[in-house]
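> Sequence:
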Amino acid sequence: MRHRKPPDDRGRPHGGVGKPSEGSQSVSRLGIHPPEEAGPAEAERILASVAAACASEALRKSKRMCALLRYLVQEAIERPGAPVTAEAIAANVFNRKNGFDAIDDPIVRTTVSRLRTALAAYYEQEAEGDEVEIRIPRGGYLPEFLPRAVKPPVRRRWERLRANPWVMNVASAIVALVALWVALVVGAGTCRL
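Using UniProt numbering, the letters of the sequence shown correspond one by one to residues 1 to 193.
Do not take every clue at face value.
Label pairs and their computed distance ranges (CB to CB) [what the hints assert, rightly or not]:
# : residue 1 : residue 2 : range
1 : LYS63     : ALA183    : 56 to 62 angstroms
2 : ASN164    : ALA67     : 42 to 48 angstroms
3 : GLY99     : ARG70     : 24 to 30 angstroms
4 : ASP104    : GLN125    : 16 to 22 angstroms
5 : ALA121    : ALA67     : 55 to 61 angstroms
6 : GLU126    : ARG70     : 15 to 21 angstroms
7 : TRP166    : GLN74     : 19 to 25 angstroms
8 : ALA48     : ILE174    : 44 to 50 angstroms
9 : VAL186    : ALA120    : 54 to 60 angstroms
Keep in mind that the hints were calculated from the coordinates and are not lab data. Glycine is no exception: its CB is placed at the ideal position from the N, C-alpha and C atoms.
Could you build the full structure based on these sequences and the hints that come with them?
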């Protein structure tokens, strides 16, 4: 019997090794290394990004996608460059035991695809203070960690106005003058006897 390789997330056979996507840089060239090479600070930044993503609106409701993200990131940190296979994901994340066939059971491919979409939505809409962006390139399961420019949180217009005392003083004076005018006009009209 001939052994067939499981398909990647696009249905093509592969060995499960994630390669950096075109246009992106490898982890080592970005300055974010696994803790064995560069220390625990980088791993903490990556894990903080995982925690923030799992608490986000995009991923909060899916325990399965969060478990998958945690597993993939933990594997990348603990075993840098080692391939992550569909069989390993199925066994460790989805409790699929011996005899898992990625061709017949698409749970890994479909969940990774949904995770990619959710991560893209998270980094597009919600991620404010994350220093690291986690991507899972198409064609594999090995995550990439890319540095992000930390943007200050966007303050709402009212918060900006409230923080400026001059604007608040002028607004208060206008409200007081309008109230005085209304009291004089209405008061003058109702006091006729």
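> If you check the beta carbons of GLU126 and ARG70, does the distance land in 15 to 21 angstroms?
holds, 18 angstroms
> Determine whether the Cβ-Cβ distance between TRP166 and GLN74 falls within the hinted range of 19 to 25 angstroms.
violated, 51 angstroms
> May I ask you to test the hint 16 to 22 angstroms on the CB atoms belonging to ASP104 and GLN125?
Between ASP104 and GLN125, where Cβ atoms are some 35 angstroms apart, the hint is violated.
> With 42 to 48 angstroms as the target window, see if ASN164 and ALA67 comply at their CB atoms.
The hint (42 to 48 angstroms, Cβ to Cβ) holds, given that ASN164 and ALA67 are roughly 46 angstroms apart.
> Could you tell me whether the CB distance from ALA121 to ALA67 stays inside 55 to 61 angstroms?
At roughly 18 angstroms between Cβ atoms, ALA67 and ALA121 fall outside 55 to 61 angstroms, so the hint is violated.
> Can you let me know if the beta-carbon spacing of GLY99 and ARG70 is within 24 to 30 angstroms?
holds, 25 angstroms
> Should the hint that LYS63 and ALA183 are 56 to 62 angstroms apart at their CB atoms be regarded as holding?
holds, 60 angstroms
> Using the beta carbons of VAL186 and ALA120, state whether their distance is inside 54 to 60 angstroms or not.
holds, 58 angstroms
> Tell me if the beta carbons of ALA48 and ILE174 are separated by a distance inside 44 to 50 angstroms.
holds, 45 angstroms
Violated hints for the displayed structure, listed by number in ascending order: 4, 5 and 7.
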